[in-house]
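Each residue of the sequence shown is one higher than the one before, counting from 73 in our numbering.
If you're looking for bench data, these hints aren't it; they were derived computationally from the structure. Heads up, some of the hints might be wrong.
For each label pair, taking beta carbons as the anchor points, the in silico distance ranges come out as [to be verified]:
no., residue 1, residue 2, range
1, 329, 354, 54 to 60 Å
2, 278, 191, 21 to 27 Å
3, 144, 394, 40 to 46 Å
4, 180, 278, 28 to 34 Å
Just so you know, even glycine gets a beta-carbon here, dropped at the ideal spot from N, CA and C.
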Amino acid sequence: MLVRFLLAAALLCSPGAATAKPRMAVDARTPLDKYCAQPDPAFAWEVVHRVETPTHRTLIVLLTSQRWRTASEVSRTEWRHWLSIVVPNEAESDTALLFITGGSNEEAPPVEAEGRIVGAALATRSVVAELRTVPNQPLKLLTSDQPDRPRSEDDLLAASWVEFMETDDPTWLAQLPMAKSAVAAMTAVQQAVAAEARSAGRPTPAIARFTVAGASKRGWTTWLTAAVDDRVAAIAPIVIDVLNIEPSMRHHQACYGEYSQALKDYEGQGLADRLSSPAGAAIRAIVDPYAYRDRLSLPKCVINASGDEFFLPDSSRFYFDDLPGEKLLACTPNTGHSLAGTDALDTLAAFHASVAHNLPRPTVTWQSAFDAPVHTVRCSFPPTEAVLWRAVNPSGRDFRKPVVGDAFKATPLEPDADGAYRVPIEAPPEGFSAAFARFTFDIGAGVPLRVSTPVWVAPDVEPFAKQP
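Using the sequences and the hints, build the whole thing.
Written as structure tokens, this is what we have:
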């Protein structure tokens, strides 16, 4: 089966179909809005492989999301992605899950969707799609000071920021084509699922909305996609605990005395210390999700890692309280940035199922004073389990997994007579402690939803803070 859709095609796709469905007024548009809304004639997709099983069908789609820059500026102008779409036979929702992942342009085509994608689709009775190679990489920036260097991940993003600083051209910022990749993928999923339903003669719901999720740079993309496209009904950004970049990075350095090795690509290009400059402020205004927080009242489940190598465990203090609308925080204990071997994907599946099938979601609230010795936490309905996770580092304010290992220890929490949980935040005799409460809920999703409070650190002192 071969189906190719161009923006100018009459069948299923209209000239603006791969552009973002805007959340903002025209006069409030940022360069991100304008870039994602601009029709791109390179947009195309084709089904290159189809798999049918007794429980689901899988479409392996080659997606061209856009053309970014020119051949004199980058080594590869067309952004191409493998898009795996799993359509359960029992699909019952018009809300699909789009999971944005990384990878390389040099990978072989997939022959089937990954097991986690198939499992999520079957468990949630909804269409689930995985968008790979965001950003497209490796990529050479031919106008940079190292034009022959293949760049990937943070190295690519950092170099794109430098190009913006030198040219004042916001379309150099790699977060823009990353977000547009997700916008294009949503359009491709809608069209491919509709075409598959007609071809197979199966009554699959037309896809109208999306839960969008992704980790690290793809978590950043998740936030920005929600800011520009109103097809996004809910988001689950994962391990991108850096909204409100400037104070977050200032806190990072004040606690560690340096930037983490995980941020070497940004520090090596001199970017970490330029965040407060006019050029840094311009970048933040375009790509910091915090700048778009007024648009982000949709349901949000922010999944973080207690031992993240990139971000401090209490980084959510710089943005979470300022996010409007429904929001859940889900800190995962004793894990680093990779979240390897954890239950984080169960929480993602449960959250998406709640959106797709209108299941009840809890609210978890706490008093806002960060340095309170005891935090009172309330849940809107009783959890099946409540646990206090606490770690101590006698040597410093550093809870990165490679530094402290599995330092977080669990203690059951019991509610008071009024149903509230009292979470003590105790400073140790030496060093620092970090603690958070984690709650497990059965919301009827088939997998548990695990959410948490923020991580609170005591004493709340930055060991390397600059003196006034």
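When the structure is checked against the list of hints, which entries are broken? Sort them ascending. Per hint list: single violation, 1.
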